[in-house]
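Novice: Chain by chain, the residues run as shown.
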Amino acid sequence: MRRLPKLPTRWINAPAAIILIVALLVLAGVGIILQNEAAYRDLQEQETRAQADILAAGLTAALDFRDAEAAQEAVDAVRVNRQVRALGVYNDGGALVARYGRDGAAPPGRYAEPFPAPGDVISAIVPVISRGERIGTVYLAADPEPLSRRFTRYFIIFSLVLMAALVVAVLGIAQNALRRANRELEERAEALVNANAELKVQVTERTKAEDQLRQAQKMQALGQLTGGIAHDFNNLLTVIQGSADMLRRAALDDAKRVRFAEAIVQAASRAAALTGQLLAFARRQPLRPEIIDVNELIGGMTDLLDRTLGERIEVRTIISTEACSVEADRAQLESALLNIAVNARDAMAEGGLLTIRTAIFDEPQARRMIALSVSDSGTGMDEDTLDRAFEPFFTTKATGKGTGLGLSQVYGFASQSGGDVRIDSTPGAGTTVTLLLPCNGGGGDGGAKREAESYGGIEQRRAGRILLVEDNEEVGEFAESLLGELGHKVFRTRSGEAALEAALDSVYDAVFTDVVMPGMSGLELAEHLAELRPNLPVILTTGYSDEIARSGAGGRPVILKPYRLETLAAAIDEVLRVDGK
Amino acid sequence: MKAARLLLALALLNAAAPVRAQAPENAVKAAFLPRFARYVTWPTPPAAGAPFQLCVVGHDPFGPMLDRAASSELIDGHNVAVRRMNTADRAAGCQLAFVAGASPQDTTRLLLALRSQAILTITDARAGPQRGMIHFTIVAGRVRFFIDDAEAAGRGLSISSRLLALAAGVRARR
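Taken in order, these protein sequences are the chains called W and D. Okay, so the first sequence: first residue is 1 according to the numbering used here, each after it adds one. Okay, so the second sequence: first residue is 1 according to the numbering used here, each after it adds one.
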């Protein structure tokens, strides 16, 4: 993470507007105080003058008749006003007649124009007029209001202004803080965006690295798988080749011949099972679902299991009477069960108990399922092993002993059938593998019906003209001889294009074509024929085809390689029978 | 001899003192007389343009001092004219009258004669105890006056309270 840019922590200058407002407020306050002061001074001057006027009016007679005592009495009456500092009454000659001075102050001794008044007082000079004649002068000097009193008076204005200024300042500071916070937020957001971009780059790099790692693991796994398969296949090929060599010998009695032929057939079917497992794991095996009674299937497998697991392992089955039938590929289900059982056997090297159980699995949100669980009393798995149990090519067995595809096949089969697999295991306490398969709503009759039909087909066997399409020379030759053995007339082509030409040239009862070929594929050929010769049935055959796994065979029968004689015969008979109707 | 001379000097001093004091005293009184008109309201004030008439009835102690004081006086546009007479017969038209008979009895007689008219009568304690509406006296060496407001009211005259405030004593109107 990038470090955030350090924000300035010192006080950022308040905006000019706030300073201006505060200044205006203070100015207004000062203005109000000054105006108030001036008005008050005016008022005081007026008051002083009024007082002097009143005094002057009362003094006319005293001055007229030179009655200094009377004048002094009138002057003394003013004493009550504490603001009066000095007071002088002058006659028409300018002589001081009566006086008053507070705190050592005194009026000037004589009155003469111009009369200087001290600056720090509020003074009034009023003539004493009697019947239109000036007979004297009153001089009155008053103290301005004391500073403390004025301060008290202006304190309210001052505090109001101060408060207003404070409010504005606080608002300004708050706004400033807000702005700063905003800016900080923006910077943070920007930093976040940068960090995010950086993170994205890192994620991309990481994804790339992971991809590389995965690829490496894949290659490693592929190597492991290839090794395992090569090992298995070599064993089987040894048997086949050895048996075939023996069959070539002229001096061989019939019993031995049959035994070697049988060995070849068994080895081949084991090899077929092996490739079938590979394809099932790849989930590219076209499933042939049928309705299966699981309990019945288990019952039918107990012998096989007993044989496979050996004498030291006891097999016990606990069958639920409520168990429903499922729609699944029988061979795959059997294979899955066998795979689990073999794993269980390997986990119980010293022998033990294997329990196969069926039960109805009802979860509120899920559809109704059957739980087929296989428990052993073996070594169990630790957490790491459990985590990787379904991983393709992962095996705990020694090289050559296992392909690492057993549980992968189980998983592939279960998910392809709409079910699930769960493993519960405790080291030392055994493992339970539960296969969950959705119940079939229809019931168990469909499978039986289909079987009956196919059996009916075999009985109505008839010969026909078969167009064989196969690019592989060996397989083509083999198929041709097989079909010929079955009594059909075979015309063989080596590509889809040639087959299409042949089909247009003459009449055939059926087309038996390989799917994967250079140029026109078997499926394309079938499509073309569906347009040009809609009544010509097409049987597809393949070891594995991406196309069929992806989009299906379009309702056409598919025979999987390696196929047996009976399978081929049944499929051909079926199309010929349907065609013949 | 020496003592006799000293006594003579003292006697001379004593005799001279009242004369010297009396001259400014009379000047003050002469200045006061026309001014009283400022503080008195008559039932019939003088016609426009006509002067206030200040009459000296009997003995005149002021002489030209009074003429000077009167000539400098201007009251609400009226001048003050001084008339001198020995009897009260010609007093008609006077607003103010300084009455000083040859004897106290004479003064009383003159005052009585003036009572029938709205005239502010002024007397002096130096001339005798008989009192007019305003009666000069000396208090602590200063010229003061008593006012008989009751008598003035009887003649229809109204004296300003400001003047009353200056009086050494007032006989208040009922």
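Note that these hints are calculated values from the structure, not bench results. From a predicted model like this one, the values you see are computed outputs, not experimental measurements. Some hints here could point you the wrong way.
Claimed, not checked - Some but not every residue of chain W turned toward chain D, in silico, with C-beta under 10 angstroms:
#1 A70
#2 A74
#3 S130
#4 G132
#5 R422
#6 E477
#7 E480
Just so you know, even glycine gets a beta-carbon here, dropped at the ideal spot from N, CA and C.
Novice: Return the status of the interface hint for W/A70: holds when the least beta-carbon distance to chain D is below 10 angstroms, violated otherwise.
Specialist: Since the shortest Cβ distance to chain D is 5 angstroms, the answer is holds.
Novice: Against chain D, is W/G132 within 10 angstroms by beta-carbon distance?
Specialist: holds, 7 angstroms
Novice: Tell me if W/R422 is really an interface residue toward chain D, meaning its C-beta lies closer than 10 angstroms to one of theirs.
Specialist: Check failed: Cβ of W/R422 comes no nearer than 129 angstroms to chain D, outside 10 angstroms.
Novice: With a cut-off of 10 angstroms on the beta carbons, see whether W/S130 makes it to chain D.
Specialist: holds, 6 angstroms
Novice: Would the hint on W/A74 stand, with a C-beta cut-off of 10 angstroms toward chain D?
Specialist: This interface hint holds because 9 angstroms falls under the 10 angstroms limit.
Novice: Would the hint on W/E477 stand, with a C-beta cut-off of 10 angstroms toward chain D?
Specialist: Hint violated; W/E477 Cβ to chain D Cβ min 166 angstroms, cut 10 angstroms.
Novice: Under 10 angstroms, Cβ to Cβ, is where W/E480 needs to be relative to chain D, so tell me if that hint holds or is violated.
Specialist: violated, 166 angstroms
Hints 5, 6, 7 from the list above are not met by this structure, while the remaining hints are.
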